[in-house]
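Peer 1: Protein chains in written order, with this note's numbering: chain A, 1 to 117; chain B, 1001 to 1116.
There may be inaccurate statements among the hints.
[As the list claims (entries may be wrong)] Calculated pairs, DSS-like style, for lysine-lysine (alpha carbon to alpha carbon, straight line, at most 30 angstroms):
1) B/1057 to B/1009
2) A/70 to B/1057
3) B/1057 to A/116
[As the list claims (entries may be wrong)] Sample of chain B residues with no beta-carbon within 10 angstroms of chain A, all distances over it, derived:
4) 1002
5) 1007
6) 1008
7) 1016
8) 1022
9) 1024
10) 1027
11) 1048
12) 1052
13) 1058
14) 1063
15) 1067
16) 1069
17) 1082
18) 1106
Hints in this document: simulated from the structure, not taken from any laboratory.
Every residue gets a Cβ at the ideal spot worked out from N, C-alpha and C, and that includes glycine.
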Amino acid sequence: AQKVTQAQTEISVVEKEDVTLDCVYETRDTTYYLFWYKQPPSGELVFLIRRNSFDEQNEISGRYSWNFQKSTSSFNFTITASQVVDSAVYFCALSETNVEYGNKLVFGAGTILRVKS
Amino acid sequence: DSGVTQTPKHLITATGQRVTLRCSPRSGDLSVYWYQQSLDQGLQFLIQYYNGEERAKGNILERFSAQQFPDLHSELNLSSLELGDSALYFCASSESWRSSYNSPLHFGNGTRLTVT
């Protein structure tokens, strides 16, 4: 069964520090998709990044970067030079291509990130 | 702005009542999903519709039902409400009915339901 584990419940950093959010997933599927979403205090869920299972190339997008390692089933997300506005709950999510499941996303429990000035 | 519109933003009602949550997907998106976010259960998938038809079902209670209309908007109906149904209900939409790199889910701002 699909499962996403975010072991870090809460992280506190000081502004300008780099911070990495961990995500470990379980799936039986060979083709799947991984996502990170952000939920700021205002409550909405904001799509951040995505990665498919057959592309392990790590990328950087502005202050965001991610490290996908299929061998360890991990999809970690790093914010460089954190800012107070980065304070939010961050969710890692997994989606399989199994016909039965449609496009269901399975979310981790979330990591609360607090960035202090 | 994700382009997904949910109404109302807040809803306060009493136990035993019935409410309807509404969602308009992004322009061009045919799939609509409903998720429930509560403190104890986290983000849970409820149900998916694609072009008017139910596509996938999650942990949706029998007291809950949903539908997607010809204009692609969707409604989630919650009946015989209990205190434990208090949660943030999200609607999301995507272009495709299947997972794809080019079809991530975009979420609305949610409807916060409080059952008293």
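Peer 1: None of the hints should be skipped; say for each whether it holds.
Peer 2: Do the hints match the structure? See the list:
Straight-line distance between C-alpha atoms of residue 1057 of chain B and residue 1009 of chain B comes to about 24 angstroms, which keeps the hinted pair within the 30 angstroms bound. For the hint linking residue 70 of chain A to residue 1057 of chain B, the alpha-carbon distance of about 28 angstroms falls within 30 angstroms, and the restraint holds. This hinted pair does not check out: residue 1057 of chain B and residue 116 of chain A have alpha carbons roughly 41 angstroms apart, beyond 30 angstroms. Chain A draws residue 1002 of chain B into its interface by the beta-carbon criterion, the shortest separation being 7 angstroms against a cut-off of 10 angstroms.
No Cβ of chain A comes within 10 angstroms of the Cβ of residue 1007 of chain B; the nearest lies about 14 angstroms off, and the non-interface call holds. For residue 1008 of chain B, the condition that its CB be more than 10 angstroms from all CB atoms of chain A holds, with the nearest at approximately 14 angstroms. With a closest Cβ-Cβ approach of about 27 angstroms to chain A, residue 1016 of chain B is found to remain outside the 10 angstroms limit, as its non-interface label requires. With a minimum CB-CB distance of about 17 angstroms to chain A, residue 1022 of chain B clears the 10 angstroms threshold, and the non-interface call stands.
Every C-beta of chain A lies more than 10 angstroms from that of residue 1024 of chain B, the closest at about 15 angstroms, which supports listing it as non-interface. No Cβ of chain A comes within 10 angstroms of the Cβ of residue 1027 of chain B; the nearest lies about 16 angstroms off, and the non-interface call holds. A beta-carbon of chain A comes within 10 angstroms of the beta-carbon of residue 1048 of chain B; the shortest separation is about 5 angstroms. For residue 1052 of chain B, the requirement that its beta carbon stay farther than 10 angstroms from each beta carbon of chain A is met, with the minimum near 14 angstroms.
At roughly 6 angstroms from the closest C-beta of chain A, the C-beta of residue 1058 of chain B falls inside 10 angstroms, breaking its exclusion from the interface. With a closest Cβ-Cβ approach of about 21 angstroms to chain A, residue 1063 of chain B is found to remain outside the 10 angstroms limit, as its non-interface label requires. Once the 10 angstroms rule is applied to beta carbons, residue 1067 of chain B is consistent with being away from chain A; the minimum gap is 16 angstroms. Residue 1069 of chain B, annotated as away from the interface, keeps every beta carbon of chain A farther than 10 angstroms; the closest lies near 19 angstroms.
No Cβ of chain A approaches the Cβ of residue 1082 of chain B within 10 angstroms, the least distance being about 22 angstroms, so the stated non-interface status holds. Some Cβ of chain A comes within 10 angstroms of the Cβ of residue 1106 of chain B; the nearest lies about 6 angstroms off, and the non-interface call is violated.
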